[in-house]
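Below, each chain spelled out in residue letters.
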Amino acid sequence: MKEKVLFTIALAVIFVTALTAAGLSAAAGGEEIELKIAIHSDENTLTPFTYVRGTGLEVLRLIYDSLFIFDALNQPLPWMVSDYGVEKGHTVYHLTLLPDQFWHDGAALTADDVAFSFTYPLSQPHARWQRMAAMIESVEVTGELTLTIRLKKGNPDFIPLVLADLPIIPRHIYEGEKDAKLVRGTIGSGPYRLAEYKEGQYYILEAVAGYFRGKPLVERIVLPIITDRAAIFQALRAGSLDAATANLPPELVGEFEAVEEINIASGPGLATTLLQFNNEFYPFNLPEMRKAVALALDLQELVNIILLGFGDPGSLGFFHPAGFLGSAAFVPERNLDRSNELLDGLGFLRRGDIRVDDQGRPLSFDLLTQADNPLRIRTAELIARQLSAVGIEIEVVSMESNTLDDRVWPEFDVSQGRNYALTLWGWSAPLQLRSEALVQLFASAYDQGSFNIGGFADDEFDLLAERLANEIDQDRRRLIIDEMQRLIAEKIPMIPLYYQQVIMAYRPAAYDGYILQQGSGIINKMSFLPGFTRESAWREADNNEPKRSNITAYILTAVLIVVVIAVVKASRRGKSHAD
Amino acid sequence: MRTNPRRSLKAVQYLLLIWFVVLVNFLLPRILPGSPLMYLAGEDVGQLSPVERKELLSRYNLDQTLPVQFAEYLADLVTLQWGRSYSQNAPIITLIRNRLPWTIVLALMSIAFSAAIGAFLGIRAAINRGKWPDIYLLLTVSFLGSLPAFWLGMLLIAVFGVRLNWLPLFGAYTAGSGFTGLQKMLDIAMHMVLPLLTLTILSVGRYFMTMRYSLIEVLGEDYIILAKAKGLPDRIIRYKYIMRNALLPFFTVLMMDLGFVLSGATVVETVFAYPGLGRLMFEAVAARDYLLLQYSFFVSALLVILFNYLADRLYLYLDPRLGEET
Amino acid sequence: MTCDNRKKQLPPALIGAVILGFFFIAAIFAPNLAPHNPHQIVGAPFSPPGAGHLLGTNDIGQDIFSGLIYGSRLSLSLAVLTAALSTAVGALLGLIAGFLGKSIESVIMRCADFILVLPFLPLAILLAAMWGQGFFQIVLIISLINWPATARIVRAQVLKIKAKGYILNLQAIGAGTGYLLRKHILSEILPLLIYRAMLSASYAVLTEASLSFLGLGNPLLNSWGSILFYAQARNAILTSAWLWWILPPGLCIALLSAGFLFIGLYMETYANPRIMRVQ
Chain A
3 MKEKVLFTIA LAVIFVTALT AAGLSAAAGG EEIELKIAIH SDENTLTPFT YVRGTGLEVL
63 RLIYDSLFIF DALNQPLPWM VSDYGVEKGH TVYHLTLLPD QFWHDGAALT ADDVAFSFTY
123 PLSQPHARWQ RMAAMIESVE VTGELTLTIR LKKGNPDFIP LVLADLPIIP RHIYEGEKDA
183 KLVRGTIGSG PYRLAEYKEG QYYILEAVAG YFRGKPLVER IVLPIITDRA AIFQALRAGS
243 LDAATANLPP ELVGEFEAVE EINIASGPGL ATTLLQFNNE FYPFNLPEMR KAVALALDLQ
303 ELVNIILLGF GDPGSLGFFH PAGFLGSAAF VPERNLDRSN ELLDGLGFLR RGDIRVDDQG
363 RPLSFDLLTQ ADNPLRIRTA ELIARQLSAV GIEIEVVSME SNTLDDRVWP EFDVSQGRNY
423 ALTLWGWSAP LQLRSEALVQ LFASAYDQGS FNIGGFADDE FDLLAERLAN EIDQDRRRLI
483 IDEMQRLIAE KIPMIPLYYQ QVIMAYRPAA YDGYILQQGS GIINKMSFLP GFTRESAWRE
543 ADNNEPKRSN ITAYILTAVL IVVVIAVVKA SRRGKSHAD
Chain B
60 MRTNPRRSLK AVQYLLLIWF VVLVNFLLPR ILPGSPLMYL AGEDVGQLSP VERKELLSRY
120 NLDQTLPVQF AEYLADLVTL QWGRSYSQNA PIITLIRNRL PWTIVLALMS IAFSAAIGAF
180 LGIRAAINRG KWPDIYLLLT VSFLGSLPAF WLGMLLIAVF GVRLNWLPLF GAYTAGSGFT
240 GLQKMLDIAM HMVLPLLTLT ILSVGRYFMT MRYSLIEVLG EDYIILAKAK GLPDRIIRYK
300 YIMRNALLPF FTVLMMDLGF VLSGATVVET VFAYPGLGRL MFEAVAARDY LLLQYSFFVS
360 ALLVILFNYL ADRLYLYLDP RLGEET
Chain C
41 MTCDNRKKQL PPALIGAVIL GFFFIAAIFA PNLAPHNPHQ IVGAPFSPPG AGHLLGTNDI
101 GQDIFSGLIY GSRLSLSLAV LTAALSTAVG ALLGLIAGFL GKSIESVIMR CADFILVLPF
161 LPLAILLAAM WGQGFFQIVL IISLINWPAT ARIVRAQVLK IKAKGYILNL QAIGAGTGYL
221 LRKHILSEIL PLLIYRAMLS ASYAVLTEAS LSFLGLGNPL LNSWGSILFY AQARNAILTS
281 AWLWWILPPG LCIALLSAGF LFIGLYMETY ANPRIMRVQ
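Residue numbers (this note's numbering), protein chains in the order written: chain A, 3 to 581; chain B, 60 to 385; chain C, 41 to 319.
In case anyone wonders, no lab produced these hints; they're calculated from the structure.
The structure displayed is predicted, hence computed values, not measured ones.
Heads up, some of the hints might be wrong.
What the hints assert, rightly or not - Simulated restraints on C-beta separations: (1) Gly533/A with Phe129/B: 45 to 53 Å; (2) Pro89/C with Arg222/B: 16 to 24 Å; (3) Val218/B with Ala447/A: 53 to 61 Å; (4) Arg222/B with Ala91/C: 21 to 29 Å.
Unchecked claim - Straight line, CA to CA, 25 Å or less: simulated DSS-like cross-link-like pairs of lysine-lysine: (5) Lys202/C with Lys142/C; (6) Lys69/B with Lys202/C; (7) Lys223/C with Lys202/C; (8) Lys293/A with Lys155/A; (9) Lys69/B with Lys142/C; (10) Lys200/A with Lys183/A; (11) Lys69/B with Lys200/C; (12) Lys142/C with Lys204/C; (13) Lys90/A with Lys154/A; (14) Lys223/C with Lys204/C; (15) Lys113/B with Lys183/A; (16) Lys180/A with Lys113/B; (17) Lys243/B with Lys200/A; (18) Lys200/C with Lys223/C; (19) Lys200/C with Lys142/C.
C-beta atoms are modelled at their ideal positions from N, C-alpha and C, and glycine is treated no differently.
Start from the sequences and build out the full structure, keeping to the hints where you can.
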């Protein structure tokens, strides 16, 4: 498997270098490029308050700017700011904006707008921005382009967590508006403006000529809304689309690789698919039981069959080992003997095919899964098969996704309890990038552990969570996060099953400047603005961030070494293929 | 049996029906498990504090008791203040108005085609009743009517869209093409071919059967035999007696079909990603968008009721003799 | 309709019977006919036909051909159950309405009207979301949507029979309602009921497929609809797999549905209700 990852990275790097030149020459041609990129869900007016899913957020970042952006490896990069300073134990952030930034209606963007963007969301029921605004004590505008943000509590991750995420919105549009959802018009300050939106039909984005980071390379982006994946990829192959926001399904990779006019960019994915235990439910409240389940699973088989190899087996530490928070791979090795031993030790003895507990209750459980997600249903079926080997009977129950949410996470409020034994679940990519993800997932106090849908409670973990909350030194925080991962891998409140790779397909003849952002895709600012090539997107991150901790430097070096090895391996592979 | 005050009784029945629809449209979505919170708060809904969650619900009147919500719904319904959809940030009336024309055009065209083809074939079959052409037609047409709609759509897409690349695969028109005038019309027509073909193939059977069946029946009736015996010319018999009586059930089926297709051909609209009313309802269920659900459901049911009513009236008008039966 | 005419209707009915017989045999002898257990993973995912897999394998390496054979069990039992349930309920309510009349008739017929005017697929979607997506839930949903048409027709027929002289005479000489129902009315409407049952079965096969396709069926049951659900979800339509993964199950659905319909049409010549079809 390792080879597969390496191979993919190597492939990416190879075609990066090979195609950058082509991309640059195409951009230099001076012809106006128009792209047709399918968006796979209707995201309303694409404002920070009306988008629906991650896809919408991805696209609206072309229209709205944030103070920082994430580079190809998800490291924050100053964007709207020229200069910034952090003081007083990460409670005070001084920011200086770059000049010549304008709203799409022509008004100048000032520090006032930025300050407003950090306070206004507090009054809006948009969970993501509201949470960010709630971290802020005060915002002080010190000049037309300078401001100071004070936090209630020191937070060394404020830049990636908030400054690189929160979109800056125009004060003159939103001021005094009670309900941001009702505000008409999509006015941002990003490289593209929303020229047209037909509900359920399409979006048209047009390049902003005077954009302060340079004129976008693509003049017009038409985004037809196509919810059906088959229709999207059909159209892409037939040539009526140039790219798509949706992932290329694994089963089509072979088919699409054979099409000469289509390129494929892929990399490790950060969306996590997991087997979630209800940790309050007997016998899954017993750590040995959860461990026995983990040992009975064969995650590599899941990756091979469900994802056709285009993914990585889950690590019990939750974080993807290739992501920058993942410290080590805690992928459980299938060990049926050990699993059987554990189950025997718990007094769950085999009676025929199924084990029973000391009171004669069979180890037979419902595994809930979403009916509209065929991959998960298949995963559940395979899990049932794998667990039957150790005498645990699994009944797969598929239900409509809202109904499932209601059983697992009623009212999206973990303090309201839960009504399931086992469920398949997924967390989207951004969670893998949050240093506080583990706290949100596993802290027993529900105001902190707001994602603790398994009702996991562990004193040792809570202590670590508290230490993390009070630690501001980056390196020491990192050590605590590592320790958390180790602890979680041992206690197993859930089993991450796999991380599906991000696979993007596009037509290079139409445009070839796309930059694959780890875990998300090719629709980002870097893809459409000058100054970024596939290599520079990584290198620039390195240069502009002097305060980066040592660990990231190590990771980057490691990645470089990996890439070199992978290139060598890949070229060997290529040779053997040629033979 | 109902005789004289029939008409007012019918009216009462229809009103009762509408009342039922209003009531159930309100209740059904709300007894579904799940909540619209996800769409109200965005994907990070899990991070809402209890206070924020409560505030959010009250903002949308979702914290009120059901009777209060129902009263509000009634008031809104009557005053046409249908409010905004939770999931698709737009007024519900606009959403429905945007979707309705596509559904209407598709429905009317498909019914026109299938009724014409169905009637033509049905007459041919009835004339040759019991002979091989009739049996062939019967077999073919009813087999075509038994095809699963989505499957037929998929096949048409696979053949005409993917393999041959003749026709567009999805949507009602090319998004953002900037076409105008004739070009735009052509574009829309091209997009309509496959959904229209699917719907037509599927519903030809109904018209064929009805036409064939009622013609055969009429042809066997006493007064036709009598008319023939009287030596009336064939042409007069055919038009005056036969067609008039055979058209009756045919038109009834047509009217009812109108109601049904207008209320949204969900499956076909889903396969072709056609922006009609059926797909709107489908999306609303997934999002637990209570308001959008109840109003789109209402409009759709109202259309069915309306055409049922028209069918009733037409029936009475064409053949007062039969009024008693239904 | 004349007797002669009925004879001419026989070929379609025979074809229908052959189709049904074919699927019944497939269903009963599925374990003997199918080369593999349809739930077992027996090959590489997405294999094309050949090498022991007549129709290739599906997305997790199960044999599609075996799935098709076993699928007939599911589709047939679903069709039969649904037809029985919806016809029984429809007939019962139709009889009650037609025979007893008065307010109970109004209540029943208004309920029927009501279900007939609700947009059917969205209603099915709602019910599936509410009741869950098991086999019996699907039977219930389709029956619920299907009984009103039967009830309407049965009621009209009962009214017609009632109006005939001999029933009135029998009533006049003191025959009990139960006796009349059993001896006369039931036997008169039996062909009609069989006709409606066949139509319902045909309809049930199609509806199950539609529900499964929209992801509202039970994807764990190996029905033809769910085979298509996976084929669609895993983009078989874009690859040559549509030839062996999409075409055959769809044909099975169409054939079985048409089989029921053909027999139904033949029964119609006996039933001869002068009533418009509602669907």
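Verification of the hints:
Our hint of 45 to 53 Å for Gly533/A and Phe129/B is violated, since their Cβ atoms are close to 58 Å apart. Range check, Pro89/C to Arg222/B: Cβ separation about 19 Å, and the 16 to 24 Å hint holds. Range check, Val218/B to Ala447/A: Cβ separation about 59 Å, and the 53 to 61 Å hint holds. Distance hint for Arg222/B and Ala91/C: a CB-CB separation of about 26 Å, consistent with the stated range 21 to 29 Å.
Between the alpha carbons of Lys202/C and Lys142/C the distance comes to roughly 15 Å, so the proposed pair stays at or under 25 Å and holds. Of the pairs offered as hints, the one joining Lys69/B and Lys202/C holds, with about 23 Å between alpha carbons and a cut-off of 25 Å not exceeded. About 13 Å separates the Cα atoms of Lys223/C and Lys202/C, which keeps this hinted pair within 25 Å; it holds. For the suggested pair Lys293/A and Lys155/A, the alpha carbons sit about 37 Å apart, so the restraint of at most 25 Å is broken.
For the suggested pair Lys69/B and Lys142/C, the alpha carbons sit about 15 Å apart, so the restraint of at most 25 Å is met. A distance of roughly 17 Å separates the Cα atoms of Lys200/A and Lys183/A; the hinted pair therefore holds under the 25 Å criterion. Proposed proximity of Lys69/B and Lys200/C is supported: the alpha carbons are some 21 Å apart, at most 25 Å. Among the hinted pairs, Lys142/C with Lys204/C is consistent with the structure: their alpha-carbon atoms are about 19 Å apart, no more than 25 Å.
Annotation: proposed proximity of Lys90/A to Lys154/A holds, straight-line Cα distance about 12 Å (limit 25 Å). For the given pair, Lys223/C sits about 15 Å from Lys204/C by alpha-carbon distance, which is consistent with the 25 Å threshold. In summary, the hint linking Lys113/B to Lys183/A is supported, as the alpha carbons are separated by about 18 Å, within the 25 Å threshold. For the proposed pair Lys180/A and Lys113/B, the alpha carbon gap of about 17 Å is at most 25 Å, so the pair holds.
At roughly 16 Å between alpha-carbon atoms, Lys243/B and Lys200/A fall within 25 Å of each other, so this suggested pair holds. About 16 Å separates the Cα atoms of Lys200/C and Lys223/C, which keeps this hinted pair within 25 Å; it holds. A threshold of 25 Å between alpha carbons decides the hint, and for Lys200/C with Lys142/C the separation of about 16 Å falls inside it, so the pair holds.
The structure fails hints 1 and 8 (numbered hints given earlier, in ascending order).
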